[in-house]
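Chain order of the listed sequences is A and B. The opening position of the first sequence corresponds to residue 449 in our numbering, with each subsequent residue numbered one higher. The opening position of the second sequence corresponds to residue 449 in our numbering, with each subsequent residue numbered one higher.
A few of these clues could be false.
In this list, chains with the same sequence are indistinguishable; a pair is considered to hold if it fits within one copy or across any two.
In silico lysine to any residue, SDA-like type, Cα no more than 20 Å apart, as pairs [said to hold, decoys possible]:
1) K694 / P501
2) K820 / G527
3) K824 / L633
4) K820 / D651
5) K457 / G652
6) K457 / G527
7) K824 / L587
8) K735 / L811
9) K457 / N495
10) K599 / E562
11) K647 / C498
12) K647 / Y693
13) K457 / Q507
14) K457 / G496
15) K457 / P501
What the hints contain is simulated information worked out from the structure, not anything from laboratory work.
Protein chains: 2
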Amino acid sequence: MFEEGLRLKSQFGAGNIYDFSLGNPNLPPPDRFHQVLRDTVSSCGANGHCYMPQSGFPQVCGAVAGYLTREQGVALTAGEVIMTCGAAGALNVIFKALLDPGDEVLTPSPCFAEYPFYADNHGGVLRTAPTRPDFTLDLAALAAAVTAKTKVLLINSPNNPTGQVYSEASLLALGELLRSKSRDLGRTIFLVSDEPYRKIVYDGTTVPSIFKAYQQSIVATSYSKDLSIAGERIGFAAVHPQARYKAEIMGAMALAIRILGFVNAPALMQRVVAELQGASVDVQAYKRKRDLLCSGLSEAGYEFRVPDGAFYLFPRAPIEDDVAFVRELQQERILTVPGSGFGAPGHIRIAYCVDDQTIVDALPGFRRVMDKLRPKEEE
Amino acid sequence: MFEEGLRLKSQFGAGNIYDFSLGNPNLPPPDRFHQVLRDTVSSCGANGHCYMPQSGFPQVCGAVAGYLTREQGVALTAGEVIMTCGAAGALNVIFKALLDPGDEVLTPSPCFAEYPFYADNHGGVLRTAPTRPDFTLDLAALAAAVTAKTKVLLINSPNNPTGQVYSEASLLALGELLRSKSRDLGRTIFLVSDEPYRKIVYDGTTVPSIFKAYQQSIVATSYSKDLSIAGERIGFAAVHPQARYKAEIMGAMALAIRILGFVNAPALMQRVVAELQGASVDVQAYKRKRDLLCSGLSEAGYEFRVPDGAFYLFPRAPIEDDVAFVRELQQERILTVPGSGFGAPGHIRIAYCVDDQTIVDALPGFRRVMDKLRPKEEE
Numbered sequence: 449m450f451e452e453g454l455r456l457k458s459q460f461g462a463g464n465i466y467d468f469s470l471g472n473p474n475l476p477p478p479d480r481f482h483q484v485l486r487d488t489v490s491s492c493g494a495n496g497h498c499y500m501p502q503s504g505f506p507q508v509c510g511a512v513a514g515y516l517t518r519e520q521g522v523a524l525t526a527g528e529v530i531m532t533c534g535a536a537g538a539l540n541v542i543f544k545a546l547l548d549p550g551d552e553v554l555t556p557s558p559c560f561a562e563y564p565f566y567a568d569n570h571g572g573v574l575r576t577a578p579t580r581p582d583f584t585l586d587l588a589a590l591a592a593a594v595t596a597k598t599k600v601l602l603i604n605s606p607n608n609p610t611g612q613v614y615s616e617a618s619l620l621a622l623g624e625l626l627r628s629k630s631r632d633l634g635r636t637i638f639l640v641s642d643e644p645y646r647k648i649v650y651d652g653t654t655v656p657s658i659f660k661a662y663q664q665s666i667v668a669t670s671y672s673k674d675l676s677i678a679g680e681r682i683g684f685a686a687v688h689p690q691a692r693y694k695a696e697i698m699g700a701m702a703l704a705i706r707i708l709g710f711v712n713a714p715a716l717m718q719r720v721v722a723e724l725q726g727a728s729v730d731v732q733a734y735k736r737k738r739d740l741l742c743s744g745l746s747e748a749g750y751e752f753r754v755p756d757g758a759f760y761l762f763p764r765a766p767i768e769d770d771v772a773f774v775r776e777l778q779q780e781r782i783l784t785v786p787g788s789g790f791g792a793p794g795h796i797r798i799a800y801c802v803d804d805q806t807i808v809d810a811l812p813g814f815r816r817v818m819d820k821l822r823p824k825e826e827e
Numbered sequence: 449m450f451e452e453g454l455r456l457k458s459q460f461g462a463g464n465i466y467d468f469s470l471g472n473p474n475l476p477p478p479d480r481f482h483q484v485l486r487d488t489v490s491s492c493g494a495n496g497h498c499y500m501p502q503s504g505f506p507q508v509c510g511a512v513a514g515y516l517t518r519e520q521g522v523a524l525t526a527g528e529v530i531m532t533c534g535a536a537g538a539l540n541v542i543f544k545a546l547l548d549p550g551d552e553v554l555t556p557s558p559c560f561a562e563y564p565f566y567a568d569n570h571g572g573v574l575r576t577a578p579t580r581p582d583f584t585l586d587l588a589a590l591a592a593a594v595t596a597k598t599k600v601l602l603i604n605s606p607n608n609p610t611g612q613v614y615s616e617a618s619l620l621a622l623g624e625l626l627r628s629k630s631r632d633l634g635r636t637i638f639l640v641s642d643e644p645y646r647k648i649v650y651d652g653t654t655v656p657s658i659f660k661a662y663q664q665s666i667v668a669t670s671y672s673k674d675l676s677i678a679g680e681r682i683g684f685a686a687v688h689p690q691a692r693y694k695a696e697i698m699g700a701m702a703l704a705i706r707i708l709g710f711v712n713a714p715a716l717m718q719r720v721v722a723e724l725q726g727a728s729v730d731v732q733a734y735k736r737k738r739d740l741l742c743s744g745l746s747e748a749g750y751e752f753r754v755p756d757g758a759f760y761l762f763p764r765a766p767i768e769d770d771v772a773f774v775r776e777l778q779q780e781r782i783l784t785v786p787g788s789g790f791g792a793p794g795h796i797r798i799a800y801c802v803d804d805q806t807i808v809d810a811l812p813g814f815r816r817v818m819d820k821l822r823p824k825e826e827e
């Protein structure tokens with residue numbers, strides 16, 4: 449995607465390509481990020497860039513634990529946190545630690561297109577169960593998809609690609625389901641919550657605590673979107689303080705981060721994010737982009753659910769073949785991603801972490817393609 | 449190791465533990481590193497921390513290619529370089545790209561203790577063939593160990609744990625062996641050269657070019673030791689410009705870095721190392737430590753080969769059981785690593801990337817243990 453976007457931009461000029469294909473945050477980091485980065489570079493000393501314990505600098509893990517205690521409403525300590533190379537790094541470390549060959553990772557669909565790889569990397573298999581038509585959790589579908597091999601239930605809220613935020617009631621019900629299934633199967637099913645968009649939410653939406661819903665849970669996240677530093681690869685995994693096998697999981701993750709070749713999360717950025725707990729980019733700016741896009745696409749006849757969080761819109765394609773629809777949009781120099789990549793054919797993903805002007809300029813193209821392809825039965 | 453060292457240090461006080469267990473560079477980075485880091489932080493702009501192409505910033509890959517062209521004596525371009533999270537990240541990306549289930553990675557032994565994991569992570573199996581008693585390449589042993597499943601021959605020079613640097617003649621002979629075996633087997637055997645210690649060499653030693661020895665080769669390395677920034681996780685892989693399947697390998701590595709969860713090498717450090725091509729810590733300081741240690745241990749009756757590079761000494765243990773010997777040294781609060789972890793029982797690894805004073809202070813303890821355990825036949 450990235451490379452295809454660059455190719456088209458070099459062919460037509462960057463200003464003539466409307467690139468909605470990538471979740472690459474375009475807002476600047478908060479001002480404090482730059483100040484903290486400068487201060488950390490000055491203060492971290494000659495040996496500040498060396499190896500540290502695999503889990504990260506203890507004081508950094510402690511700062512994260514302190515913040516998580518407030519965010520999740522469950523008291524954490526440094527020993528329950530491992531700093532990672534972003535959320536993608538965290539998920540790979542978690543899966544390496546938890547999965548045995550053939551173990552299944554179950555996730556609601558649509559889901560992030562890389563999840564199947566993350567499970568497969570470590571001998572696991574990704575299984576999906578559909579969400580409801582509004583992309584909320586379908587507990588019955590998840591329950592039906594649990595098998596004797598299910599080791600992990602993976603959720604992502606706010607969701608990529610749908611922007612859906614799962615309600616507290618649905619998470620509590622999910623916790624109940626996992627307790628019951630674990631009991632029936634005589635093995636622990638872990639809940640892994642991939643939540644890098646937790647702070648990117650709109651209209652007073654809050655993202656409920658995972659740790660309050662289920663004890664056998666692990667949070668994986670990054671500072672990529674909070675701070676617009678996706679290229680720096682910094683995030684963490686945190687294990688519920690009352691999780692069964694907690695010590696074994698922490699030990700297995702410390703081994704996994706080493707042998708997978710990460711070794712540890714980047715030293716300088718660990719120190720930087722420790723000072724920026726709770727900070728985030730200007731979420732109102734993403735809300736403005738969302739509203740601009742939703743209002744324009746709605747007028748053009750697109751159908752979608754207005755997202756509660758993240759910076760993705762996931763409208764229905766007006767034709768069955770979403771790949772063909774994405775190709776039509778490309779003719780207007782608009783880059784989007786087919787929903788089939790997320791396990792949801794018949795949709796497209798529009799990443800609206802772009803300049804407002806890109807949205808304004810792309811809307812006529814979005815409209816022309818809709819006018820061309822929309823079923824004409826109402827005429 | 450790291451955690452055990454910290455535990456003992458907290459028990460006895462850091463100044464009372466002689467920790468030779470870790471390859472954690474203790475020299476400060478070159479002065480220019482700090483200046484370049486400050487300048488890069490100032491100049492890289494609000495969006496300088498975002499995603500970039502998976503292989504890294506094109507200008508960074510270009511800077512690396514320019515330097516490698518001089519170092520390897522073979523002309524490289526940016527498209528042959530992928531920036532990685534250190535050499536460990538590079539090796540995992542390379543193995544993910546190259547290995548099919550059951551493929552074998554063959555390496556001379558003793559070897560870095562993590563290699564078996566790196567192969568296993570991606571469905572491969574590490575096989576070893578012994579080096580000669582002086583730790584030089586034993587071509588006949590390697591030839592005998594090649595099987596129909598050998599996909600990669602992996603070398604590490606200067607070597608961890610032995611400090612051996614393979615000669616140009618032995619590398620040319622290795623290239624000839626691999627060409628001949630590839631022809632016989634009807635499949636390409638790739639030579640992967642893990643060379644993070646390339647710049648840490650003594651007494652006029654030079655590390656010969658891999659690319660000149662064999663076209664089907666990939667270099668993996670990091671700036672961890674050159675610049676004493678091991679915690680920042682920055683390195684690269686570079687594919688020989690005339691390698692067969694070069695485009696496929698580069699594409700597979702760009703996919704691998706993404707799906708393994710690295711996504712890309714840390715953005716800020718990419719820009720920093722681009723400005724520091726060829727820079728290194730004060731190698732003479734490591735030489736001084738090597739000489740101090742070798743002279744003291746030799747007087748105490750230790751037997752070893754004086755290393756040409758890296759910052760490891762790999763002496764023989766005076767008793768057969770190297771783990772027991774390491775435990776005896778621990779009684780003197782001296783931390784080392786048993787050779788059996790590197791596939792060479794009967795040896796220990798001493799990482800001398802420590803303060804000179806640590807070496808001076810530890811020598812009496814090294815002597816006492818040798819006096820206690822050395823066979824007494826000469827009396």
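Between copies, within a copy, both or neither: which fits K599 and E562 at Cα up to 20 Å? For K599 and E562, the Cα distance is within 20 Å only inside one copy (18 Å; across copies 27 Å).
Alpha-carbon proximity context of K457 and G527, limit 20 Å: Result: close only across copies, 19 Å inter versus 46 Å intra.
Reference check for the pair K647 and C498, CA-CA at most 20 Å: within, between, both, or neither? Result: close only across copies, 18 Å inter versus 31 Å intra.
Since the copies are identical, ignore which copy is meant and state whether K824 and L633 lie within 20 Å (CA to CA) inside a copy, between copies, both or neither. The answer is neither: 52 Å in one copy and 62 Å across copies each exceed 20 Å.
20 Å Cα threshold - placement of D651 relative to K820: neither (34 Å within a copy, 74 Å between copies)
How would you label the pair K457, N495 (within, between, both, or neither) given a Cα cut-off of 20 Å? between (42 Å within a copy, 18 Å between copies)
At 20 Å max between alpha carbons, let me know whether K820 reaches G527 within a copy, between copies, both or neither. Neither way: K820 and G527 sit 57 Å apart in one copy and 40 Å across, limit 20 Å.
Please work out whether the CA atoms of K457 and Q507 approach to 20 Å or closer within one copy, between two copies, in both situations, or in neither? between (43 Å within a copy, 17 Å between copies)
At most 20 Å between alpha carbons: which applies to K647 and Y693, within, between, both or neither? neither (29 Å within a copy, 44 Å between copies)
20 Å Cα cut-off: does K457 pair with P501 within a copy, between copies, both or neither? between (43 Å within a copy, 14 Å between copies)
Check K694 against P501 for me: Cα-Cα at most 20 Å, and say if that holds within a copy, between copies, both or neither. Within one copy only: 18 Å inside a chain, 37 Å across chains, cut-off 20 Å.
Homo-oligomer pair classification [G496, K457; C-alpha up to 20 Å]: Between. Shortest inter-copy distance 19 Å satisfies the 20 Å Cα cut-off; intra-copy 39 Å does not.
The structure fails hints 2, 3, 4, 5, 7 and 12 (numbered hints given earlier, in ascending order).
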